[in-house]
Structures are given as C-alpha cells and as structure tokens.
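Protein chains: 2
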Amino acid sequence: MVDANCTLQLKRLKENLADARDKFLGYPVSKDFDYSALNQFFQYPINNLGDPYEDSTYRVQTHEMEREVVDFFAELFRANPKDYWGYVTNGGSESNLYGLYIAREMYPKAMVYYSESTHYSVRKNIHLLNIPSIVIRSQENGEIDYDDFENTLQFNRDKAAIVLTTFGTTMTEAKDDVSRLKSILKKLAIQDHYIHCDAALSGSYGAFMEPRQAFDFKDGADSISISGHKFVGSPIPCGVIITKRSLKDRISKGISYIGSSDTTITGSRNGHSPLFLWYAIQKLGKEGFRKRYQKSLEVATYCKAALIELGIPAWSNPGSITVVFPKVEEHIKQKWQLATEDEQTHIICMPNVTKDQIDAFIQDLQLAELTAVTPCLSTF
Amino acid sequence: MVDANCTLQLKRLKENLADARDKFLGYPVSKDFDYSALNQFFQYPINNLGDPYEDSTYRVQTHEMEREVVDFFAELFRANPKDYWGYVTNGGSESNLYGLYIAREMYPKAMVYYSESTHYSVRKNIHLLNIPSIVIRSQENGEIDYDDFENTLQFNRDKAAIVLTTFGTTMTEAKDDVSRLKSILKKLAIQDHYIHCDAALSGSYGAFMEPRQAFDFKDGADSISISGHKFVGSPIPCGVIITKRSLKDRISKGISYIGSSDTTITGSRNGHSPLFLWYAIQKLGKEGFRKRYQKSLEVATYCKAALIELGIPAWSNPGSITVVFPKVEEHIKQKWQLATEDEQTHIICMPNVTKDQIDAFIQDLQLAELTAVTPCLSTF
Numbered sequence: 001m002v003d004a005n006c007t008l009q010l011k012r013l014k015e016n017l018a019d020a021r022d023k024f025l026g027y028p029v030s031k032d033f034d035y036s037a038l039n040q041f042f043q044y045p046i047n048n049l050g051d052p053y054e055d056s057t058y059r060v061q062t063h064e065m066e067r068e069v070v071d072f073f074a075e076l077f078r079a080n081p082k083d084y085w086g087y088v089t090n091g092g093s094e095s096n097l098y099g100l101y102i103a104r105e106m107y108p109k110a111m112v113y114y115s116e117s118t119h120y121s122v123r124k125n126i127h128l129l130n131i132p133s134i135v136i137r138s139q140e141n142g143e144i145d146y147d148d149f150e151n152t153l154q155f156n157r158d159k160a161a162i163v164l165t166t167f168g169t170t171m172t173e174a175k176d177d178v179s180r181l182k183s184i185l186k187k188l189a190i191q192d193h194y195i196h197c198d199a200a201l202s203g204s205y206g207a208f209m210e211p212r213q214a215f216d217f218k219d220g221a222d223s224i225s226i227s228g229h230k231f232v233g234s235p236i237p238c239g240v241i242i243t244k245r246s247l248k249d250r251i252s253k254g255i256s257y258i259g260s261s262d263t264t265i266t267g268s269r270n271g272h273s274p275l276f277l278w279y280a281i282q283k284l285g286k287e288g289f290r291k292r293y294q295k296s297l298e299v300a301t302y303c304k305a306a307l308i309e310l311g312i313p314a315w316s317n318p319g320s321i322t323v324v325f326p327k328v329e330e331h332i333k334q335k336w337q338l339a340t341e342d343e344q345t346h347i348i349c350m351p352n353v354t355k356d357q358i359d360a361f362i363q364d365l366q367l368a369e370l371t372a373v374t375p376c377l378s379t380f
Numbered sequence: 001m002v003d004a005n006c007t008l009q010l011k012r013l014k015e016n017l018a019d020a021r022d023k024f025l026g027y028p029v030s031k032d033f034d035y036s037a038l039n040q041f042f043q044y045p046i047n048n049l050g051d052p053y054e055d056s057t058y059r060v061q062t063h064e065m066e067r068e069v070v071d072f073f074a075e076l077f078r079a080n081p082k083d084y085w086g087y088v089t090n091g092g093s094e095s096n097l098y099g100l101y102i103a104r105e106m107y108p109k110a111m112v113y114y115s116e117s118t119h120y121s122v123r124k125n126i127h128l129l130n131i132p133s134i135v136i137r138s139q140e141n142g143e144i145d146y147d148d149f150e151n152t153l154q155f156n157r158d159k160a161a162i163v164l165t166t167f168g169t170t171m172t173e174a175k176d177d178v179s180r181l182k183s184i185l186k187k188l189a190i191q192d193h194y195i196h197c198d199a200a201l202s203g204s205y206g207a208f209m210e211p212r213q214a215f216d217f218k219d220g221a222d223s224i225s226i227s228g229h230k231f232v233g234s235p236i237p238c239g240v241i242i243t244k245r246s247l248k249d250r251i252s253k254g255i256s257y258i259g260s261s262d263t264t265i266t267g268s269r270n271g272h273s274p275l276f277l278w279y280a281i282q283k284l285g286k287e288g289f290r291k292r293y294q295k296s297l298e299v300a301t302y303c304k305a306a307l308i309e310l311g312i313p314a315w316s317n318p319g320s321i322t323v324v325f326p327k328v329e330e331h332i333k334q335k336w337q338l339a340t341e342d343e344q345t346h347i348i349c350m351p352n353v354t355k356d357q358i359d360a361f362i363q364d365l366q367l368a369e370l371t372a373v374t375p376c377l378s379t380f
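Protein chains in written order, with my numbering: chain A, 1 to 380; chain B, 1 to 380.
For the record, the hints were derived by calculation from the structure and aren't laboratory data. Computed from a predicted structure; not experimentally measured. Misleading hints may appear alongside valid ones.
Pairs count within a copy or across copies, as identical chains cannot be separated in the list.
[Stated by the list, open to error] Restricting the straight-line Cα-Cα distance to at most 27 angstroms, the calculated cross-link-like pairs of lysine-lysine (DSS-like) are:
(1) Lys109 / Lys23
(2) Lys283 / Lys327
(3) Lys23 / Lys218
(4) Lys14 / Lys286
(5) Lys355 / Lys23
(6) Lys14 / Lys109
(7) Lys291 / Lys14
(8) Lys335 / Lys159
(9) Lys286 / Lys11
(10) Lys283 / Lys186
(11) Lys187 / Lys286
(12) Lys109 / Lys187
(13) Lys82 / Lys31
(14) Lys291 / Lys333
(15) Lys23 / Lys187
(16) Lys355 / Lys82
(17) Lys82 / Lys335
(18) Lys82 / Lys186
(19) Lys286 / Lys31
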C-alpha cells in the first residue's frame with residue numbers, strides 16, 4: 001500500500017524538480033523533449049543485454065532501434081560504412097571509459113595524453129583502467145596546447161600514445177583539433193597510437209558547424225563518444241560510443257578468455273534510452289538536428305551581444321553555443337544554477353534556452369549593478 | 001514530425017515486448033511491478049550527479065530518495081549504522097566494479113579470488129581494473145570449494161587477498177559462505193584482505209532466509225552489491241552498492257588528486273532508478289519483502305515437487321528460489337526462454353511466477369514426452 005505520506009513526498013518532489021528544471025542556464029542539458037509517447041514502455045523490463053549486434057535468448061529488448069541510433073551517429077561522424085560499431089551507454093563517462101578501454105587493450109604499455117581542460121571523469125576513467133598519463137597544458141580558450149603536446153611527446157617516443165581529445169570542453173566549449181594532433185603523431189613517427197574523441201557536449205552538432213572543425217573518423221579519431229542527455233535531451237542520462245568494428249573485434253578476441261563475446265561495460269543494459277534517442281532521431285532527422293543547432297547558435301550570439309552591450313567581456317569559441325564571461329554575484333549564480341570555475345562562468349545555449357530567458361538573466365545582472373550602486377548613494 | 005511509420009514501429013515493438021515478457025521463466029527478472037504513478041517524472045531530466053551524500057548545484061535530482069534506498073538495504077545487510085555508504089548504480093556489473101575498485105585502491109598489489117560459478121561480468125570487471133586473479137573450483141552445487149580456496153591461498157600468503165563471493169550464482173543460486181571464507185583468511189593470517197559479496201540475485205531477500213546464510217556485513221563482507229531489476233523489479237536495469245563509509249572515504253583520499261570528491265563510476269547518474277526502488281520500498285516495506293520471498297519460495301517448492309513427480313531429478317540449493325534440472329528439448333527451451341549451461345537448465349521463481357505458469361510448463365513437458373513416444377509407435 002502506498003500511503004498518503006508517499007503520495008505527498010512524490011508531489012513535493014515534482015514541485016522541486018519542476019522549479020529546478022525551469023531555472024538553469026549553466027548546465028548542458030536540453031529540457032525541451034516530449035517523450036510522453038514512450039511512457040507505455042515503462043511497464044516492460046527492457047534489458048539490452050550485451051552487444052546490440054548479437055542475438056540473446058532474452059527478447060525483451062530494443063537492440064534493433066539501438067543499432068539505428070548507432071547508424072545515425074556513425075554517419076554524422078563520417079565513419080567507414082563498412083567498419084563501425086557502437087552501443088548506447090549510460091552516459092559520457094561510460095562512453096569514454098569504453099574508448100580508453102579499447103585503446104588500452106590495443107596498446108597495454110601506452111601513455112595517455114589529455115589536456116588540463118578535459119572533463120574530470122576522464123581522469124577517473126584513466127585511474128580505473130590503471131594507465132599512466134600525462135596532462136598537457138591548455139591554451140587560454142580551453143583548447144589543448146599543441147606545442148606542449150609535441151614537446152611532451154618528443155620525450156616519450158618509445159611509448160605507444162593514447163590521445164584523448166575533447167570536442168567541447170565543459171567550461172568554454174573548446175575543441176581540440178584532431179587532424180592537427182594526428183599530424184604531430186605522424187611527424188614524430190609514433191605509429192602505435194589511438195585517438196579517442198570525447199565529444200560529449202558538441203558531438204551531436206559538430207557535423208553542422210561552418211566552417212567544419214576536425215574531430216571525426218575522417219579527421220583521424222578511432223572512437224567518439226557523445227552524451228544523449230545533453231543536446232538531444234533525455235530524461236535519463238545516456239550516451240553513445242562509436243568505434244571501428246575492426247578495433248572492437250580485436251579487443252573481443254583479447255578478452256575472449258572470459259568466455260563471453262559481450263564486450264560492453266555493463267552487460268545488463270538500459271533498453272529505454274536507445275528508445276528515447278531513436279524517437280528523437282525519428283522526430284528530428286538530420287535536418288532537424290541542423291536546425292536545432294542553428295537556433296542554439298543564434299541564441300548564443302544574441303546572449304554574447306547583450307552581455308557585451310552591458311560592458312561584460314563575454315566571448316565564445318568558434319561554432320560554440322557556450323558563452324563565457326567573468327563570474328557573477330552569488331545570488332545570480334545560485335538562481336540560474338551557473339557553474340563557476342577560475343573566475344569564469346558560462347551560459348550554455350541548449351536548444352531549450354530562449355531569448356526571453358536571456359533577457360531575464362540580463363535584467364538580473366542590470367538590477368544587481370544598480371543595487372551595487374544604490375547603497376553607496378544612500379549612505380551619503 | 002513523427003510519421004506513421006514511426007508509430008507503426010512503436011506499436012510492433014510493444015507487441016513484441018509484451019509477448020516476450022509474458023513467456024519467460026528462465027530469467028531472474030520480476031515483471032509484476034506497477035510504476036505508472038512515476039510516469040509523470042519522465043518529463044524531467046533528472047541527474048543524480050556524483051555522490052548522493054554531497055550537494056551539487058544541479059538540483060534536478062532524487063538524492064534524498066536514493067539515500068533512503070541505501071538506508072533500507074544497509075539495514076537489511078546489517079551494516080554498522082554509523083559506517084555505511086552507497087549509491088544506486090546501473091546494475092549488478094557496475095556495483096561489482098565499484099566493490100572491486102575500492103578493494104584495489106586499498107590493496108593495489110592484491111590477488112583476486114573467485115569461484116568458477118561467478119557471473120562472467122566479474123571477470124570483465126577484473127580485466128578492466130587490471131588486477132591479477134585466480135579462479136577457484138566450485139562444488140557440484142555451484143558453491144565455492146573451500147578446500148581449493150584454502151590450498152590456493154596457502155601458496156599466496158605474501159599477497160593481499162580480494163575475495164569476490166557470490167550470494168546466488170546465475171545457474172544454481174548457490175551461496176558462498178562469507179563467514180567460512182573469512183575464517184580461512186584468518187587461519188592463514190592474511191590480514192590484508194577485502195571481501196566483496198556479489199549478491200545481485202539473492203541479496204534482496206537474503207535477510208529473510210531461514211536458517212540464515214552468511215553473506216552480509218556482520219558475517220564479514222566489506223561491500224555488497226545487488227540488482228534492482230531482479231527480485232525487486234524495475235523497467236530499467238539498476239543496482240545498489242553498499243559499502244563502509246570509512247573504506248569509501250579512504251579511496252576518496254586516494255583519488256583526490258583528480259580534483260573531485262565524486263567517487264561514483266559514472267558521474268552523471270540515472271535519477272529515475274532510485275525513484276523506482278524507493279517507491280517499491282515504500283509500497284512493500286521490510287515485511288512486504290519477506291512475504292514476496294516466501295511466496296517465491298513456495299512456488300519453487302511446488303515446481304520442484306511437480307518435476308520430481310514427473311521423474312525429473314530437480315533440486316535446489318537451501319533457501320533458493322531457483323529450481324535446477326537437466327536441460328529440456330529445444331522447443332520448450334525457446335518457448336520459455338530457459339538459459340541452459342552444462343546440460344543443466346533452471347526455472348527462477350521470481351515473485352511474478354505463478355503456480356499456473358508452472359502447471360503450463362509441466363504440461364508442455366508431459367506433452368513432449370508423449371510425442372517423443374508417439375512417432376516411435378507410428379513408425380511401426
């Protein structure tokens with residue numbers, strides 16, 4: 001029996017969630033989804049056990065739709081149509097863990113390189129996988145420092161190199177140039193190398209940036225991970241990992257002694273998230289994704305201009321929907337749930353962020369400026 | 001725009017799921033849940049970012065309910081009320097990974113021991129974490145061979161020991177005796193040791209077994225993992241890991257250089273699964289869990305008796321809701337989705353399995369026996 005207390009608690013939770021959801025600008029989470037057509041599927045214990053490309057006797061699954069999601073992103077990332085593989089994960093962390101896992105299986109004695117602007121979870125993953133690593137300096141905009149990368153690599157030419165690049169850093173949405181990193185590896189003749197691109201934030205719209213920025217398979221990546229709950233939007237955190245089937249098969253062999261062809265991290269896997277992503281893809285299509293990005297970019301441009309007009313030195317990286325500016329007063333930070341780091345803060349213009357919200361935020365900033373002046377006057 | 005084709009595909013999926021759901025006896029998945037009261041929460045991008053006991057600026061979360069879920073299981077597992085910690089994971093695999101991760105952080109040079117009946121995902125986890133391991137023989141009932149364990153340990157007394165015990169193996173629901181393993185460690189004076197109990201299957205009802213079987217914190221476990229989508233039931237695979245706060249704090253320090261107090265594996269975490277588990281706990285309470293187990297046990301006893309009456313040598317481990325018997329004909333295996341291994345198969349009497357279903361299954365067996373005889377006759 002569910003008692004009145006339980007019902008009350010659920011009611012309160014709903015109010016809190018609704019309130020918190022409607023007031024954030026600082027998190028890369030789309031909130032404009034409507035998956036109510038999928039509610040009917042929550043009565044089934046869906047479990048996408050193991051590899052989505054392998055049959056299982058457990059048939060309460062959505063493997064077919066999961067494969068369609070993988071197809072869609074593989075195409076966006078210009079994967080070789082005859083050589084890709086992937087699955088829907090529980091989020092960017094698991095996707096990155098998988099990419100690094102393949103890399104380690106291929107080169108067990110390798111060194112991992114990543115910039116200091118890389119998401120903290122990557123360091124957790126590297127620690128989990130027990131691989132040595134070197135952190136490379138970032139440039140001021142958050143992009144990896146290519147000179148520091150080259151100099152560091154210079155002293156480690158005896159080791160295979162695993163390079164973890166970021167396509168959209170957390171704070172400034174900076175993008176590491178995969179082609180440029182690849183050419184440095186080539187220049188130093190480090191043949192044993194693997195590039196994993198953490199495209200959690202910008203991967204879903206990277207294909208639509210003009211001019212193009214180097215991050216995908218054609219640019220030199222061996223695996224790419226994205227988040228599903230960020231730009232696309234999903235009630236449940238999820239992600240996608242896309243890699244080359246040939247690489248994945250190589251690790252399957254390596255771990256075949258464990259007696260399973262299941263190379264996924266979790267085994268029992270959420271079958272609803274693939275359904276959400278599949279539905280979003282059905283609804284939007286490639287063109288819908290493009291428009292969604294263009295709208296976000298427009299709001300970001302609007303936001304940046306409004307801040308600059310207010311005398312605030314706002315800026316953004318090329319093609320980025322994140323506007324960066326100096327940190328704001330505590331009460332504004334709290335109200336709009338703005339993440340702050342090293343004296344900087346940002347607004348991420350996810351597809352649900354509107355110009356009206358930007359206006360309301362700007363008004364709060366103006367008001368704060370006034371009240372910062374008013375007490376001064378009133379003390380005279 | 002969602003077109004007719006999409007709607008049709010969803011309709012077909014629903015039919016397939018309903019059909020597959022209603023015809024399985026061989027998977028440890030409860031199907032009798034009704035979480036429709038929670039559908040309203042799928043409109044929110046809930047994310048239980050990081051440690052459920054730490055504050056985050058992202059407020060669209062269910063951390064409070066998650067902590068109540070942890071409280072409930074910590075009590076069932078007789079954890080020290082002043083020294084436990086845990087979180088809701090994406091399933092048994094992640095829970096086991098976490099337990100092994102803590103163990104490795106405490107004893108980086110340790111050897112892992114586990115029986116050959118251990119779930120295959122554990123081997124994947126050990127490989128992922130890069131820890132050496134030794135597989136211990138199992139007894140015929142699926143329980144670890146204590147003599148083999150002792151003999152093996154004898155030759156490895158120079159190393160710290162991480163013991164992964166199983167409380168409910170996949171095939172025969174065998175249970176490794178944690179107290180007995182602990183006393184062997186003591187006898188050999190291996191002071192640096194860690195016991196992680198994989199209680200994915202039987203953990204949720206282990207506290208109600210009569211007589212008690214040794215598996216929990218008082219018996220000597222340092223961490224325990226369970227599955228949420230098995231006995232409790234959940235549309236999405238999920239799990240819980242419970243450990244000692246003192247151990248978790250120790251690893252937090254160890255990995256603090258990564259600049260985050262978040263020690264969870266995934267970071268961005270599903271906030272709906274804690275809500276499902278919380279709701280089930282509210283609905284059932286401890287007594288409801290007990291009754292649920294007793295009902296399952298009764299159906300298992302009924303099933304075993306019916307099979308034996310049919311001349312089939314069915315058996316089960318003490319307190320177990322899994323009935324084991326020789327493998328059946330292919331068409332019956334397929335129809336009831338029965339997992340088969342080493343000439344054995346099983347029926348797992350999850351709470352949704354009814355005596356009527358057992359009767360129908362028995363009837364299928366009888367029919368198969370008859371038809372196995374009939375063609376013989378007709379050829380004469």
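Status of each hint after checking the structure:
no.: 1; hint: Lys109 / Lys23; in the structure: neither (47 angstroms within a copy, 48 angstroms between copies)
no.: 2; hint: Lys283 / Lys327; in the structure: neither (37 angstroms within a copy, 46 angstroms between copies)
no.: 3; hint: Lys23 / Lys218; in the structure: neither (39 angstroms within a copy, 45 angstroms between copies)
no.: 4; hint: Lys14 / Lys286; in the structure: between (33 angstroms within a copy, 26 angstroms between copies)
no.: 5; hint: Lys355 / Lys23; in the structure: within (14 angstroms within a copy, 52 angstroms between copies)
no.: 6; hint: Lys14 / Lys109; in the structure: neither (50 angstroms within a copy, 47 angstroms between copies)
no.: 7; hint: Lys291 / Lys14; in the structure: neither (31 angstroms within a copy, 31 angstroms between copies)
no.: 8; hint: Lys335 / Lys159; in the structure: neither (48 angstroms within a copy, 53 angstroms between copies)
no.: 9; hint: Lys286 / Lys11; in the structure: between (38 angstroms within a copy, 24 angstroms between copies)
no.: 10; hint: Lys283 / Lys186; in the structure: neither (42 angstroms within a copy, 61 angstroms between copies)
no.: 11; hint: Lys187 / Lys286; in the structure: neither (36 angstroms within a copy, 65 angstroms between copies)
no.: 12; hint: Lys109 / Lys187; in the structure: within (21 angstroms within a copy, 38 angstroms between copies)
no.: 13; hint: Lys82 / Lys31; in the structure: neither (35 angstroms within a copy, 39 angstroms between copies)
no.: 14; hint: Lys291 / Lys333; in the structure: neither (30 angstroms within a copy, 50 angstroms between copies)
no.: 15; hint: Lys23 / Lys187; in the structure: neither (49 angstroms within a copy, 59 angstroms between copies)
no.: 16; hint: Lys355 / Lys82; in the structure: neither (43 angstroms within a copy, 50 angstroms between copies)
no.: 17; hint: Lys82 / Lys335; in the structure: neither (49 angstroms within a copy, 35 angstroms between copies)
no.: 18; hint: Lys82 / Lys186; in the structure: within (25 angstroms within a copy, 56 angstroms between copies)
no.: 19; hint: Lys286 / Lys31; in the structure: within (20 angstroms within a copy, 37 angstroms between copies)
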